[in-house]
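Throw the hints in and build the complete structure from the sequences for me.
There are 2 protein chains.
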Amino acid sequence: MTVRSGTAEWHGNVQSGSGTVTVGDGVFEGAYSYDSRFGEGKGTNPEQLIAAAHAACFTMALSDILSAAGHPPESLRTDARVQLRNIDGAPRWPASPWIRRDASRESLSGCSRCTRRRPSGCARCRARWPGSPRSS
Amino acid sequence: MTVRSGTAEWHGNVQSGSGTVTVGDGVFEGAYSYDSRFGEGKGTNPEQLIAAAHAACFTMALSDILSAAGHPPESLRTDARVQLRNIDGAPRWPASPWIRRDASRESLSGCSRCTRRRPSGCARCRARWPGSPRSS
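Each protein sequence line maps, in turn, to chains B and V. When we follow our numbering, the leftmost residue of the first sequence carries the number 8, and every step to the right adds one. When we follow our numbering, the leftmost residue of the second sequence carries the number 8, and every step to the right adds one.
Errors might be hidden in some of the hints.
Pairs involving identical chains hold if they fit within one copy or between any two copies, as the list cannot separate such chains.
List of simulated lysine to any residue pairs, SDA-like, C-alpha gap at most 20 Å [unchecked claim]:
1) Lys49 with His18
2) Lys49 with Ser23
3) Lys49 with Thr9
4) Lys49 with Met8
5) Lys49 with Ala97
6) Lys49 with Ser12
7) Lys49 with Ala76
The hints are simulated quantities; they were obtained by calculation from the structure and are not laboratory data. Fair warning: this is a prediction, and the values are worked out from it, not measured in the lab.
Next comes the structure, spelled out in structure tokens:
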């Protein structure tokens with residue numbers, strides 16, 4: 008599948024410097040800094056981007072699972088949370104971010120198997136995408 | 008450290024439906040679809056967001072490593088590439104995205120140890136952030 012890109016620039020040291028992060032070829036460009044990452048400063052940070060990526064992947068995959076079961080969703084919404092944590096003295100992104108999903112009752116009724124089991128459609132969860140290209 | 012968020016909405020099945028992904032509380036909101044993920048359609052996709060996140064994290068961490076060695080960088084730039092691949096029939100993001108970095112000669116001269124070794128400042132690489140908060 009197509010190789011996707013993201014870029015970042017940084018000037019100066021971590022605490023007083025500043026950076027710019029770009030999604031793709033410029034779909035989004037935003038400022039980030041020590042304060043926007045570790046405090047409440049204005050701007051974005053890697054954790055927000057990771058959360059958005061997982062929410063997007065998960066939601067698309069869940070749609071695929073529901074559709075394959077004959078219940079294409081009218082509406083799905085996923086909130087993903089990511090926290091950079093110090094574990095054993097090193098910063099890590101825990102492997103399983105907490106994800107909450109909402110879905111319209113209409114789209115999920117009659118498909119209890121899909122809604123009760125742990126959805127595993129995310130790339131991280133290694134689920135199949137029946138409709139995706141086979142190239143690697 | 009602060010919990011960060013990202014959200015996604017999806018309507019319809021995967022191939023003909025459409026979605027919206029939001030970074031944080033609205034720092035960025037963009038459309039995504041099957042075509043923007045698996046083809047060349049307009050919009051964004053999870054892989055671009057993951058690439059941007061890793062580029063941003065890596066660049067900030069490299070700045071920290073250089074600064075700790077007495078060489079705060081004047082300018083760093085990282086291009087990260089991410090590819091969703093079918094491995095053993097399942098979609099996966101390979102664990103080690105290819106990353107290329109550029110840096111001004113001025114900022115790196117005299118710090119051959121930092122520039123030659125594999126920078127390990129990314130959260131994924133488990134390096135320490137000397138200046139980061141200790142809370143978890």
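Cross-check of the supplied hints:
1. Proximity of Lys49 to His18 under the C-alpha cut-off of 20 Å is restricted to the intra-copy arrangement: shortest distance 17 Å within a copy versus 31 Å between copies.
2. Taking identical chains as interchangeable, the C-alpha atoms of Lys49 and Ser23 lie at most 20 Å apart only when both belong to the same chain, with a minimum of 14 Å there against 36 Å between chains.
3. Taking identical chains as interchangeable, the C-alpha atoms of Lys49 and Thr9 lie at most 20 Å apart only when they sit on different chains, with a minimum of 14 Å there against 32 Å within one chain.
4. In this homomeric assembly, Lys49 and Met8 come within 20 Å of each other (Cα to Cα) only across copies, at 16 Å, whereas the closest approach inside a single copy is 35 Å.
5. Taking CA atoms no more than 20 Å apart as the test, Lys49 paired with Ala97 passes in neither setting, with 25 Å inside one copy and 38 Å between copies.
6. Proximity of Lys49 and Ser12 under a CA criterion of 20 Å is satisfied inter-copy only: 15 Å between copies versus 24 Å inside one chain copy.
7. For the homomeric pair Lys49 and Ala76, neither the shortest alpha-carbon distance inside one copy (43 Å) nor that between copies (28 Å) is at most 20 Å.
Checked against the numbered hints above, the structure violates hints 5 and 7; every other hint is satisfied.
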